[in-house]
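Please model the entire structure based on the sequences and the hints provided.
These are the residues of each chain, in order.
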Amino acid sequence: MNEFVFLYRGGSRDGSPAEIQQVMQKWMNWFKELAEKGHVKDRGQPLERVGKLVSGKRKTVTDGPFAEAKDVVGGYTLIVAKDLNEAAELSKGCPILERDGEVEVRPVMKLNM
Amino acid sequence: MELSEHLFRHEAGRMVATLTRIFGVHNLSLAEDVVQEAFCRALEIWGFRGVPENPSAWLMTTAKNRALDVLRRERTARTFAPELTRQLESEWTLAPTVEEEFGPTAVRDDELRMMFSCCTPRLSEEAQVALILHILCGFSVDEIAGAFVSSHAAIEKRITRSKKVLADSKKLFDVSGSDDFARRLPVVQRTLYLLFNEGYHGASSERAVRSELCQEAMRLTSMLLRNSLGAIPSSYALAALMSLNAARLPARVVSGNLTMLVEQDRSQFDQSLAEEGLKLLEHSATGPEISDYHVEAAIAWVHTSTQRPEDTDWATIISLYDRLMAIRPSPVVALNRAIAIAQREGPQRGLEEIRAIRDLERLAKYPFYHAALGEFEVRIGHFQDARHHFASALSLARNPMERSFFEQRIAACK
Numbered sequence: 160m161n162e163f164v165f166l167y168r169g170g171s172r173d174g175s176p177a178e179i180q181q182v183m184q185k186w187m188n189w190f191k192e193l194a195e196k197g198h199v200k201d202r203g204q205p206l207e208r209v210g211k212l213v214s215g216k217r218k219t220v221t222d223g224p225f226a227e228a229k230d231v232v233g234g235y236t237l238i239v240a241k242d243l244n245e246a247a248e249l250s251k252g253c254p255i256l257e258r259d260g261e262v263e264v265r266p267v268m269k270l271n272m
Numbered sequence: 004m005e006l007s008e009h010l011f012r013h014e015a016g017r018m019v020a021t022l023t024r025i026f027g028v029h030n031l032s033l034a035e036d037v038v039q040e041a042f043c044r045a046l047e048i049w050g051f052r053g054v055p056e057n058p059s060a061w062l063m064t065t066a067k068n069r070a071l072d073v074l075r076r077e078r079t080a081r082t083f084a085p086e087l088t089r090q091l092e093s094e095w096t097l098a099p100t101v102e103e104e105f106g107p108t109a110v111r112d113d114e115l116r117m118m119f120s121c122c123t124p125r126l127s128e129e130a131q132v133a134l135i136l137h138i139l140c141g142f143s144v145d146e147i148a149g150a151f152v153s154s155h156a157a158i159e160k161r162i163t164r165s166k167k168v169l170a171d172s173k174k175l176f177d178v179s180g181s182d183d184f185a186r187r188l189p190v191v192q193r194t195l196y197l198l199f200n201e202g203y204h205g206a207s208s209e210r211a212v213r214s215e216l217c218q219e220a221m222r223l224t225s226m227l228l229r230n231s232l233g234a235i236p237s238s239y240a241l242a243a244l245m246s247l248n249a250a251r252l253p254a255r256v257v258s259g260n261l262t263m264l265v266e267q268d269r270s271q272f273d274q275s276l277a278e279e280g281l282k283l284l285e286h287s288a289t290g291p292e293i294s295d296y297h298v299e300a301a302i303a304w305v306h307t308s309t310q311r312p313e314d315t316d317w318a319t320i321i322s323l324y325d326r327l328m329a330i331r332p333s334p335v336v337a338l339n340r341a342i343a344i345a346q347r348e349g350p351q352r353g354l355e356e357i358r359a360i361r362d363l364e365r366l367a368k369y370p371f372y373h374a375a376l377g378e379f380e381v382r383i384g385h386f387q388d389a390r391h392h393f394a395s396a397l398s399l400a401r402n403p404m405e406r407s408f409f410e411q412r413i414a415a416c417k
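Order-wise, the sequence lines are chains A and B. Going from the first sequence to the working numbering is simple: count from 1 and add 159. Going from the second sequence to the working numbering is simple: count from 1 and add 3.
Among the clues, some could well be false.
Said to hold, decoys possible - As a list, the in silico SDA-like pairs of lysine to any residue whose alpha-carbon atoms are at most 25 Å apart:
| no. | chain 1 | residue 1 | chain 2 | residue 2 |
| --- | --- | --- | --- | --- |
| 1 | A | 185 | B | 58 |
| 2 | A | 185 | B | 6 |
| 3 | A | 211 | B | 51 |
| 4 | A | 185 | B | 167 |
| 5 | A | 185 | A | 213 |
| 6 | A | 191 | B | 59 |
| 7 | A | 200 | B | 67 |
| 8 | B | 67 | A | 191 |
| 9 | B | 167 | A | 200 |
| 10 | A | 191 | B | 5 |
The hints are simulated quantities; they were obtained by calculation from the structure and are not laboratory data.
Set out below in structure tokens:
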């Protein structure tokens, strides 16, 4: 089994209270389903949408947001899957995809020692 | 942990009401932004970590903290609620004041205050209903348009305009002044009555939508009953008529089809709502005033408490309709009275009563007027006339459910 990181990007923040409640419910259901099948190594954390960006040799500190809203990473999860294809397949259940968002699936590097 | 189905919608109403109280009604849209932000945080955090122990308190605390940020950041740029200005200006009093305004008693008053503010005479009754659904019940424009079978554009225009009127009103309604309260109360009752009727008789064909509107009207009416100035006999009568009618809702719409009153399966009535309605009706029976809500509740009680349709006490119902005509005459009330008379004295008498209705032309667009004529003709045996009336009803039907009901009646004219 291999490890992967899901990075959740963007995702609409619009919607009526009832719609947002439904989406929230979908997230919880999705995590539950993944966990029951043993795919969740670490549920991870949601991230604030503001922060600081430190850059360059001069270590310039600027306030976020750093990117277009649609590119902002809103959270991450550590996933266990057979291979990259299976991990990508698992990400298809993520509710963010129905809300103009994306899931970036990245293999965690292995230490080949 | 399982969330109650309408948690976010109901919390939206509470949070907007309280935030508007603190920010001032002119900052209504700022309050709405803060609420949206609180829901987005809930979506992100609960999605990952699960629902907190007390979801309502979590949302309220999130809104409160966000309100403190906004008040600190913008107190030089904006003015907030005029009556709180002094307390919000100083850092010493800011946090305790906001804390107090988010206390349970204060929040309950805020919802009532918002309800009374939405029922301003400067808005039409339809606009008041839409505004209450949007602000206090947390329905989006699309959700309201869906329930009213109206276009998104039409409802959006109505709500945008209504919100502007509300935001321009400078001050929220003062629910502590007993004279003003007593003057505004009938308007509020009427709006809640219309909201309930939209669910009960309304245009939507979805049973879930309809019962949701009825439930919202009942929830808001119960807020009136929790206030000492609001808990007067006519408010109890209004709550009673809602419970007693809602008790019959499951039998009224059966698997997407309308059922005629005389055919409704009484075993499908919601007994606990019927009992609740009776209790409320008993509470309403004090004082000298008999409101139209009392009379309508009494009619609903006769229907709800009758075990078999053929045992219905039509004489009592007719005398109640006579009374309702004296308090609140309207062609629709007169039509219902004529239908009751036909049940007791035969279809011929029903037709006579219908012909005698004043302002009869106002019923021309009402599908159930034509349907009533059709039913009378069927019972006399004039099937051709009946078909003709049902065809008129069909052409005025507002949704697939009504259409299929009239189609079935036409097919039965043999």
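Each hint tested on the structure:
Distance hint between residue 185 of chain A and residue 58 of chain B is fulfilled; the C-alpha atoms sit about 17 Å from each other, no more than 25 Å. This hinted pair checks out: residue 185 of chain A and residue 6 of chain B have alpha carbons roughly 12 Å apart, not beyond 25 Å. A distance of roughly 23 Å separates the Cα atoms of residue 211 of chain A and residue 51 of chain B; the hinted pair therefore holds under the 25 Å criterion. The straight-line distance between the Cα atoms of residue 185 of chain A and residue 167 of chain B is roughly 35 Å, outside the 25 Å bound, and the hint therefore fails.
Note on residue 185 of chain A and residue 213 of chain A: the hinted pairing is violated, with a Cα-Cα distance of about 35 Å set against a maximum of 25 Å. The hinted pair formed by residue 191 of chain A and residue 59 of chain B meets the criterion: a straight-line CA distance of about 23 Å does not exceed 25 Å. At most 25 Å may separate the alpha-carbon atoms for a hinted pair to count; residue 200 of chain A and residue 67 of chain B exceed this at roughly 35 Å. Using a Cα cut-off of 25 Å, the hinted pair residue 67 of chain B and residue 191 of chain A is violated, with the two alpha carbons roughly 31 Å apart.
For the hint linking residue 167 of chain B to residue 200 of chain A, the alpha-carbon distance of about 50 Å lies beyond 25 Å, and the restraint is violated. A distance of roughly 13 Å separates the Cα atoms of residue 191 of chain A and residue 5 of chain B; the hinted pair therefore holds under the 25 Å criterion.
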